[in-house]
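J.: Okay, here's what each chain looks like letter by letter:
Protein chains: 2
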Amino acid sequence: MSAKVRIEPRTLRGFRDYLPAAALARERLIDTAKAVYKGFGFAPIDTPALEYTEILLGKGGDETDKQLYRFTDNGGRDVALRFDLTIPFARFAAQHTNDLGLPFKRYHVGSVWRGENTQRGRYREFIQCDFDTIGTESPLADQETALVIHELFQRLGFERFTIRVNDRRVLNGLLERLELSERSVAVLRALDKLAKIGPEKVAEELTREAGASAAQAAGVLEFAALTGKNEELLARLAPLVQGTAAGEAGIASLAGLLAGAGAAGVDAARIALDVSIARGLDYYTGAIFETFLDDLPGIGSVCSGGRYDDLASLYTKQRLPGVGASLGVDRLLAAMEELKMVDEKGASCPILVTCFDAASGPDALALASELRGAGLGVELYPDPKKLGDQLKYAARRGFALVVIAGPAEREAGNVQVKLLATSEAHVVARGDVAQACARLLAV
Amino acid sequence: MSAKVRIEPRTLRGFRDYLPAAALARERLIDTAKAVYKGFGFAPIDTPALEYTEILLGKGGDETDKQLYRFTDNGGRDVALRFDLTIPFARFAAQHTNDLGLPFKRYHVGSVWRGENTQRGRYREFIQCDFDTIGTESPLADQETALVIHELFQRLGFERFTIRVNDRRVLNGLLERLELSERSVAVLRALDKLAKIGPEKVAEELTREAGASAAQAAGVLEFAALTGKNEELLARLAPLVQGTAAGEAGIASLAGLLAGAGAAGVDAARIALDVSIARGLDYYTGAIFETFLDDLPGIGSVCSGGRYDDLASLYTKQRLPGVGASLGVDRLLAAMEELKMVDEKGASCPILVTCFDAASGPDALALASELRGAGLGVELYPDPKKLGDQLKYAARRGFALVVIAGPAEREAGNVQVKLLATSEAHVVARGDVAQACARLLAV
Numbered sequence: 047m048s049a050k051v052r053i054e055p056r057t058l059r060g061f062r063d064y065l066p067a068a069a070l071a072r073e074r075l076i077d078t079a080k081a082v083y084k085g086f087g088f089a090p091i092d093t094p095a096l097e098y099t100e101i102l103l104g105k106g107g108d109e110t111d112k113q114l115y116r117f118t119d120n121g122g123r124d125v126a127l128r129f130d131l132t133i134p135f136a137r138f139a140a141q142h143t144n145d146l147g148l149p150f151k152r153y154h155v156g157s158v159w160r161g162e163n164t165q166r167g168r169y170r171e172f173i174q175c176d177f178d179t180i181g182t183e184s185p186l187a188d189q190e191t192a193l194v195i196h197e198l199f200q201r202l203g204f205e206r207f208t209i210r211v212n213d214r215r216v217l218n219g220l221l222e223r224l225e226l227s228e229r230s231v232a233v234l235r236a237l238d239k240l241a242k243i244g245p246e247k248v249a250e251e252l253t254r255e256a257g258a259s260a261a262q263a264a265g266v267l268e269f270a271a272l273t274g275k276n277e278e279l280l281a282r283l284a285p286l287v288q289g290t291a292a293g294e295a296g297i298a299s300l301a302g303l304l305a306g307a308g309a310a311g312v313d314a315a316r317i318a319l320d321v322s323i324a325r326g327l328d329y330y331t332g333a334i335f336e337t338f339l340d341d342l343p344g345i346g347s348v349c350s351g352g353r354y355d356d357l358a359s360l361y362t363k364q365r366l367p368g369v370g371a372s373l374g375v376d377r378l379l380a381a382m383e384e385l386k387m388v389d390e391k392g393a394s395c396p397i398l399v400t401c402f403d404a405a406s407g408p409d410a411l412a413l414a415s416e417l418r419g420a421g422l423g424v425e426l427y428p429d430p431k432k433l434g435d436q437l438k439y440a441a442r443r444g445f446a447l448v449v450i451a452g453p454a455e456r457e458a459g460n461v462q463v464k465l466l467a468t469s470e471a472h473v474v475a476r477g478d479v480a481q482a483c484a485r486l487l488a489v
Numbered sequence: 047m048s049a050k051v052r053i054e055p056r057t058l059r060g061f062r063d064y065l066p067a068a069a070l071a072r073e074r075l076i077d078t079a080k081a082v083y084k085g086f087g088f089a090p091i092d093t094p095a096l097e098y099t100e101i102l103l104g105k106g107g108d109e110t111d112k113q114l115y116r117f118t119d120n121g122g123r124d125v126a127l128r129f130d131l132t133i134p135f136a137r138f139a140a141q142h143t144n145d146l147g148l149p150f151k152r153y154h155v156g157s158v159w160r161g162e163n164t165q166r167g168r169y170r171e172f173i174q175c176d177f178d179t180i181g182t183e184s185p186l187a188d189q190e191t192a193l194v195i196h197e198l199f200q201r202l203g204f205e206r207f208t209i210r211v212n213d214r215r216v217l218n219g220l221l222e223r224l225e226l227s228e229r230s231v232a233v234l235r236a237l238d239k240l241a242k243i244g245p246e247k248v249a250e251e252l253t254r255e256a257g258a259s260a261a262q263a264a265g266v267l268e269f270a271a272l273t274g275k276n277e278e279l280l281a282r283l284a285p286l287v288q289g290t291a292a293g294e295a296g297i298a299s300l301a302g303l304l305a306g307a308g309a310a311g312v313d314a315a316r317i318a319l320d321v322s323i324a325r326g327l328d329y330y331t332g333a334i335f336e337t338f339l340d341d342l343p344g345i346g347s348v349c350s351g352g353r354y355d356d357l358a359s360l361y362t363k364q365r366l367p368g369v370g371a372s373l374g375v376d377r378l379l380a381a382m383e384e385l386k387m388v389d390e391k392g393a394s395c396p397i398l399v400t401c402f403d404a405a406s407g408p409d410a411l412a413l414a415s416e417l418r419g420a421g422l423g424v425e426l427y428p429d430p431k432k433l434g435d436q437l438k439y440a441a442r443r444g445f446a447l448v449v450i451a452g453p454a455e456r457e458a459g460n461v462q463v464k465l466l467a468t469s470e471a472h473v474v475a476r477g478d479v480a481q482a483c484a485r486l487l488a489v
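Residue numbers (the numbering used here), protein chains in the order written: chain A, 47 to 489; chain B, 47 to 489.
Treat the hints with care, since some could be wrong.
What the hints assert, rightly or not - Listed next, the in silico DSSO-like pairs over lysine-lysine satisfying Cα-Cα at most 30 Å (straight line):
1. Lys84/A with Lys242/B
2. Lys80/B with Lys391/A
3. Lys112/B with Lys242/B
4. Lys112/A with Lys112/B
5. Lys386/A with Lys80/B
What the hints assert, rightly or not - Not everything, but these chain A residues come out facing chain B in the computed CB check (under 7 Å):
6. Leu70
7. Arg229
8. Tyr361
What the hints contain is simulated information worked out from the structure, not anything from laboratory work.
Note that beta-carbon positions come from the ideal geometry of N, C-alpha and C, so glycine has one too.
Next comes chain A alone, as it looks inside the complex (with noise of 0.2 Å):
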């Protein structure tokens, strides 16, 4: 061959190869998402990558819109891609209700795109687990999608967590009580800087933006510190929200989230009433739910929803309230490692079956295809390379057993099973080897 031009192999900026040990990792995860999701009777949808910009635009603020992958098409569309899986769903509840019926409870696993400044960190392409039942309003649903995120997080291996919830409404029924309803807005805007910032920039910004008297500033202030367990501060939170109508479904709704979790078995130190929480100011209308890693409190809440009112206003005139939560895949991948949750290596399967010689392939074959009737997922390495070649291998990509049947063992009857982590070989019959690795695999 002549000397080539050859094209720099290279990813975009912000965008990112998954290697296996990455890829598996991630697979894991979301396969024990969809699991769990499946157990609440969630089931899967997908939508197109590409819709048109009309039906992105305009929900997720500027900017959203700026940071959109939007270009013409061929066919001279405005067409972008998604930068979410909530507007899509949106567009998908408009279209299809009719057909599918409510309630209904969908589960949604996809990349979205978007133009962020990666010098924060952050990725253009990346994906987003969310599930959600829409078309009722009943507090059994909300109970229901704290007892995913419950178990969802147990099913991942986590001891340590903690899902907190809060109410939009108490605070709604807060602000009725201190005639501040009409700045409910401005309020929270303040009330969620209160970690960053501190109680008194907090009631400086009370008063400056959203007008507040010293009192009513002081009454935000007081109810924002209230802390305690759980059922001390259901007790201290419902004088202050007395009366309103807002108020008291806010704190019958979080009665409720611990009712039914404490039905369903959830250790009661697992979910703590928080009134601090107040995300996705104009979104969410009622429960809301985030939940953090109790060893890693720093990276922020790694599954995070609520209540809605109306999700697909923009595209039908028919109201869907709803209530869901999506899953931090990338920010949980990342936690995992730092508590080296993950296996770092690549092995997919658990067994490696070396390679003699050319003649002893359907042998080799043989003993591989014994060992995946009994459910054992095994690789054959495909050439006949040094023993001490092949073990490099092994060990490199983290297989658990090698099992060798060289010719000195065929003729004995035997194979040689090696547990790479100890360098242990046991010798065993040739019938025997897939009885040998499963009781090997299950110590």
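Starting from the known structure of chain A, fit chain B onto it as the hints suggest.
T.: The following block gives chain B in isolation, referenced to the frame of chain A:
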């Protein structure tokens, strides 16, 4: 709310939503493929949906280039959506095999985009599901490719399917003997039309386009007409290519594929030598695979692949030979639908627990949680609607069982378990509900 301008909810032409039943069927198919791939040691990878256009251009041919979703991003980069998973894998391999080592076995499931003519019933967004072994020329890797395909179709529930195998080198050997090697591309192109236009027209094309003499054309057609059981066919092929290195390598490769499948316990009728398959003219260089459903031969191959000499020569000077195949997800799903192998409803779990009133919420949550603890998926109906409405919902969604625990049942310490298929109702003790449901589902 005042009258509001709504946006018409619609998808782009050539794109589609997946509703739950279709999404579930697709997810099951892909999960099965992934499990099979992993069971042979293939590990997942992922690459970005968007790449620099220069990476994607040039290899796919003019038609593919025209179909690219290509645009300039906000940073002024010339970018495009991937149109297959092979070119991204080539780029990935060039970039990462130094870190990953060889042999390298990967699978990749992901969406690809092509601005196809939708009048041909094609979609512009579809999923590919590929597996490849690179960095080895071992016939064992070819043999395992056939075994992966076999295992996959078995696990998907197909009983009647045939993996047709050929080897490009057999044809090369024949052309060498016929002194047509220099015109192999034109010969293969003509041969590829055999099923469509018949031997006479192929003979004309061989003469016209490949400059073949009457004797040469007859030799090619005699070869292509060879049929027979695997061993007979192999015996008939051998003399036609004898004395050519390529032809003898091809015959050995086909004999190896048969022997390997036999050693792994594959039913001999499922593998069929077929010298007429000639896919990927300018790409495949050794073994070639196509998979046909015996009950729907007309839909064409549902899993195709083969061996290639060099995956990534556009991006690296390192030669990367390999072998792999691609599952036709859409075509296969359509076939499974036609063969009534797909559940047409969208229930993602088998049991619906009905809802009576707000007060019984905690009881219902406890019941659902108990069933889930026993490994049974449960949806809880969220609203206290009439039982008849809840049963209608259950029937439409396709649940297998409905568990009813109303006030009467609760008082008696019972629950009612209804089989939707037969309307048969069982009254079981509250404490036995998980066991009873598991038993009824196992029937």
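J.: Work down the list of hints and note, for each, if the structure agrees.
T.: Evaluated hints:
no. : hint                   : in the structure
1   : Lys84/A with Lys242/B  : violated, 46 Å
2   : Lys80/B with Lys391/A  : holds, 18 Å
3   : Lys112/B with Lys242/B : holds, 27 Å
4   : Lys112/A with Lys112/B : holds, 28 Å
5   : Lys386/A with Lys80/B  : holds, 25 Å
6   : Leu70                  : holds, 6 Å
7   : Arg229                 : violated, 22 Å
8   : Tyr361                 : holds, 4 Å
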